[in-house]
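Asks: Sequence:
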Amino acid sequence: MTANVTLKNQFLLAMPNQVGTYFADTATYICEHNEDGAMGIVVNRPSELSLVELLAQMGLETTSVAPDVQILEGGPVASERGFVLHSDDGNFATSLALDDGLMLSTAQEMLEAIARGEGPRDFLVALGYAGWGSGQLEGEIKDNAWLNCPGSKEVLFNTPFGERVDKAAAGLGIDFRLMSGHAGHS
Numbered sequence: 097m098t099a100n101v102t103l104k105n106q107f108l109l110a111m112p113n114q115v116g117t118y119f120a121d122t123a124t125y126i127c128e129h130n131e132d133g134a135m136g137i138v139v140n141r142p143s144e145l146s147l148v149e150l151l152a153q154m155g156l157e158t159t160s161v162a163p164d165v166q167i168l169e170g171g172p173v174a175s176e177r178g179f180v181l182h183s184d185d186g187n188f189a190t191s192l193a194l195d196d197g198l199m200l201s202t203a204q205e206m207l208e209a210i211a212r213g214e215g216p217r218d219f220l221v222a223l224g225y226a227g228w229g230s231g232q233l234e235g236e237i238k239d240n241a242w243l244n245c246p247g248s249k250e251v252l253f254n255t256p257f258g259e260r261v262d263k264a265a266a267g268l269g270i271d272f273r274l275m276s277g278h279a280g281h282s
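According to this note's numbering, the sequence shown is numbered sequentially starting from 97.
It should be emphasised that the hints constitute simulated quantities derived from the structure, not laboratory data. Being a predicted model, the structure only gives us computed values, none of them experimental. Be careful, since some hints might not be right.
In silico BS3-like pairs for lysine-lysine, Cα to Cα no more than 25 Å straight-line [claimed, not checked]: (1) Lys104 <-> Lys238; (2) Lys104 <-> Lys263; (3) Lys249 <-> Lys263; (4) Lys238 <-> Lys263; (5) Lys104 <-> Lys249.
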C-alpha cells in the first residue's frame with residue numbers, strides 16, 4: 097500500500113466467492129487503514145441481543161431506546177468488546193473522529209449517554225470488530241475477496257441490515273446480486 101492509498105471510510109463488500117467464510121454476505125465499514133493494517137465493523141449482521149438487553153446486563157435502565165434496536169456482530173476479533181459507530185452531533189470527548197461526520201467509541205460512557213437519551217442522533221452498537229495485519233487486506237483485495245466502495249451514512253443508519261450490501265454496491269452502479277463467485281485477473 098502506498099502512503100496515500102487508504103480504504104478508511106469505505107465499505108468492504110464480501111465477494112460471492114467468500115461463501116462459507118465468516119465474512120460471507122457482509123458489508124464492513126473501515127474505520128482505520130494504514131501501514132500497520134486495518135480495522136472495521138461489520139454493519140449488516142445483527143446479533144440475537146438487543147441494545148435494551150445489553151444495557152440491562154450493564155445495569156443501565158433506559159426508556160429512550162426502542163426495544164427492537166439490535167446489537168451487531170461487528171467482527172470476529174474481541175467479540176466481547178463493544179464499539180459504537182456514531183454521528184458527530186454532540187460533544188463526545190471519548191470518541192475518535194473518523195471522517196465524514198462519523199466517530200467511533202469504545203467507552204462505557206457512550207452507552208450510558210445513549211441509555212439516558214443523551215447520545216448521538218445516529219449510532220450502531222457492535223460487539224467485536226474485523227481486523228487485518230499489515231498488507232493483509234491489500235492481499236485479500238488482490239485475490240478478489242472484497243469489493244470496496246465509498247462509505248455512506250445513509251447505508252449505515254437508514255438502510256435495513258439485509259439491504260446494506262446491495263445499497264452500498266448500487267452506489268457504484270453495480271447490482272451485487274448478479275456478481276459471479278469467480279473473478280479473473282487481467
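Asks: Hints first: check each against the structure and report whether it holds.
Replies: The hints, checked one at a time:
1. Lys104 <-> Lys238: Holds, at roughly 17 Å.
2. Lys104 <-> Lys263: Cα-Cα ~19 Å, so holds.
3. Lys249 <-> Lys263: With Cα atoms ~12 Å apart, Lys249 and Lys263 stay inside 25 Å; holds.
4. Lys238 <-> Lys263: Given that 25 Å is the threshold and the Cα spacing comes to 23 Å, the pair holds.
5. Lys104 <-> Lys249: holds, 14 Å
Of the numbered hints stated above, none is contradicted by the structure.
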